[in-house]
Amino acid sequence: MGEDTDATPTLNHHGFLPDHNYVTEADIISTVEFNHTGELLATGDKGGRVVIFQREPESKNEPFSQGEYNVYSTFQSHEPEFDYLKSLEIEEKINKIRWLPQQNAAHFLLSTNDKTIKLWKVSERDKRPEGYNLKDEEGRIKDVSTVTSLQVPVLKPMDLMVEVSPRRVFANAHTYHINSISVNSDYETYMSADDLRINLWHLDITDRSFNIVDIKPANMEDLTEVITAAEFHPHHCNLFVYSSSKGTLRLCDMREAALCDKHSKLFEEPEDPSARSFFSEIISSVSDVKFSHSGRYLLTRDYLTAKVWDLNMESKPLETYQVHDYLRSKLCSLYENDCIFDKFECAWNGSDSVIMTGAYNNFFRMFDRNTKRDVTLEASRESSKPRAVLKPRRVCAAGGKRRKDDISVDSLDFTKKILHTAWHPNENIIAIAATNNLYIFQDKLNSEMH
Amino acid sequence: MEVNMEARRILAVSISKLYASRSQRGGLRLHRSLLLSLVMKSARDIYHSSREEDAPSGAQSAPEEPMETSSGPEVPEPQPLSERNSSETVSEESDNKAKDYDCDTVDDKENLSPTKQSRKRRGKASAAPDFLPNKRARLEPGEERYSAPLGSCRVGAGESLATLSLNQVIPAF
Chain A
1 MGEDTDATPT LNHHGFLPDH NYVTEADIIS TVEFNHTGEL LATGDKGGRV
51 VIFQREPESK NEPFSQGEYN VYSTFQSHEP EFDYLKSLEI EEKINKIRWL
101 PQQNAAHFLL STNDKTIKLW KVSERDKRPE GYNLKDEEGR IKDVSTVTSL
151 QVPVLKPMDL MVEVSPRRVF ANAHTYHINS ISVNSDYETY MSADDLRINL
201 WHLDITDRSF NIVDIKPANM EDLTEVITAA EFHPHHCNLF VYSSSKGTLR
251 LCDMREAALC DKHSKLFEEP EDPSARSFFS EIISSVSDVK FSHSGRYLLT
301 RDYLTAKVWD LNMESKPLET YQVHDYLRSK LCSLYENDCI FDKFECAWNG
351 SDSVIMTGAY NNFFRMFDRN TKRDVTLEAS RESSKPRAVL KPRRVCAAGG
401 KRRKDDISVD SLDFTKKILH TAWHPNENII AIAATNNLYI FQDKLNSEMH
Chain B
451 MEVNMEARRI LAVSISKLYA SRSQRGGLRL HRSLLLSLVM KSARDIYHSS
501 REEDAPSGAQ SAPEEPMETS SGPEVPEPQP LSERNSSETV SEESDNKAKD
551 YDCDTVDDKE NLSPTKQSRK RRGKASAAPD FLPNKRARLE PGEERYSAPL
601 GSCRVGAGES LATLSLNQVI PAF
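For the record, the sequence lines run as chains A and B.
By my numbering, the letter at position 69 of the first sequence is numbered 69, and the numbering carries on one by one without gaps.
If you want my numbering, it's the 1-based position in the second sequence plus 450.
Keep in mind the hints are simulated off the structure, nothing from the lab.
Each hint should be verified, as a subset may be incorrect.
[To be verified] Sample of chain A residues at the chain B side, in silico, Cβ under 7 angstroms:
{"#": "1", "residue": "195"}
{"#": "2", "residue": "226"}
{"#": "3", "residue": "341"}
[As the list claims (entries may be wrong)] According to the in silico footprint, chain B covers these stretches of chain A (three or more CB under 8 angstroms from chain B):
{"#": "4", "stretch": "89-95"}
{"#": "5", "stretch": "299-306"}
[Claimed, not checked] Stretch by stretch, here's where chain A covers chain B in the computed footprint (C-beta under 8 angstroms, at least three residues):
{"#": "6", "stretch": "472-483"}
{"#": "7", "stretch": "486-493"}
Note that the structure is a prediction, hence the values are computed from the model and not measured.
Beta carbons are placed, not taken as given, at the ideal position from N, Cα and C, and that holds for glycine.
In isolation and in its complexed conformation, chain A is listed as follows (with noise of 0.2 angstroms):
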């Protein structure tokens, strides 16, 4: 067991050490997301910058380098910033990012932090104008009695350029820290949630939001529980969904009210009274929700597990998976280093019929729905050369039976956890977040989805 109790060391070190140990806390992947197409990537860390990576187009001159992905844009979308009012400082660190659905040649993205959120235009510049009358190939304005004759400024290519812009500042709507931004498919709309309010926006408003949900309790000393993630529902743009601490999730239709309070449908597991510990609550708060692509199902992770639930069943979750059970008995110790407190996300693959979620050690598990199957593997340097297949990991119990190559739960490193995950929306292609690491895998053999 980890016997690191520093959950956020704090370390000076510019640029990264071969000892993963030392790592630049600003550096520190916060959220992964591929675009709807597949071809993008981005990433935000926790120095409030954004990296957008591009799928290279396959070409038959390289065949190796075909569908790599290359770092395309880098700008800073937050800075750290100071409430006066109340004394606090907002942390610039990227919580969320989310695509919009391409509409034009150019691409958008929403980033948020913990009170502020930014709409992001990301253009290519290839082409030039030149030729100007009033100004020389610098510039600089020329003298007017040297012009002779007049020309049109004809645009001449250029090199690649990639420019962001912000467009839209989304700020002061939120009173506790954001958790999770959502597109509505209506391509108009997106929804905000912090720990007790969700609020809808209008992509080209900044000035007012509408809060649609409002948990917060008339008096703070009965709060039970907090918003912990929130999502609209693929298709259909009156429906979204949201999870809260008490591992309940809410389904919520915008069309019966304006404040969305009241849910739709709830979904909830009774407790396992057998199961009650200190920690039961903590680690059946849910970190994560997130819509099939079909929109029938959805997919959450608590501490422990992940989740599969039918929209239409609300008893119980049709499926659940257990990502780390051998981490059950040591709650206590994980609770002493933080470790508990750790917010893991979940993915679906382009076809739902996989899901994907980390854990500790750099592992990261997979989960096949029809065949149910698992494996466990790890994001690491040394056991991810370029064009190496992944070797499948096994974690043992201490004491237990063991193979070569197994790892016991007790030298499991702690202080590498996987947090972040996401796939592409069509193939097999993924992309994970080892601390400030990021690794993209590639299935070439199965590059389609089944």
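Place chain B on chain A using the hints.
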């Protein structure tokens, strides 16, 4: 009394986490504070309920027990936090239950001899959790001595976190 010990340890850890979260960058996290308070509540409930099971058996021999060190239960003592105004602070009000316990302990305190008290003071140095506010019940027969009481010398307002009323961790928001 393993559950009892674990409950106390968890309480101590929780309080130190709550305290540490006040200086965290980005301000107090509501979700985390809520979870911490839920754990503390569970630990406290289990702690008190397991104490109540022992109480009847120990009552008779109470007067004869020398008040060595107060191991036993820590009892939240009502003490207001100094920075009530700050929105970040966890506010504290007196816990009604604590008041009941308080009466009992006051009686015991009166029975204490000065020499015994000074023994307590020395014991403090080796003890662990700060959240034990005051020395309380004496050793019940058969009950282990967990740690020397901190509270004995520490009647001041400083260790106010110990007196956290769990359902009032949140109101600062």
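Outcome of the hint check:
1. The beta carbon of residue 195/A comes within 4 angstroms of a beta carbon in chain B, closer than 7 angstroms, and the hint placing it at the interface holds.
2. The restraint placing residue 226/A at the interface with chain B holds, with a minimum CB-CB distance near 5 angstroms, inside the 7 angstroms limit.
3. Checking residue 341/A against chain B: minimum C-beta separation of about 6 angstroms stays under 7 angstroms; hint holds.
4. Counting residues of the stretch 89-95 of chain A whose CB lies closer than 8 angstroms to any CB of chain B gives 4, which reaches the minimum of 3, so the coverage claim holds.
5. Residue count for the stretch 299-306 of chain A with a Cβ under 8 angstroms from a Cβ of chain B: 0. That is fewer than the three needed, and the coverage hint is violated.
6. Check result for the stretch 472-483 of chain B against chain A: holds, 7 residues qualifying (beta carbon to beta carbon below 8 angstroms, three or more required).
7. Only residues whose C-beta sits within less than 8 angstroms of a C-beta in chain A count toward coverage, and the stretch 486-493 of chain B has 4 of them, enough to reach three; the restraint holds.
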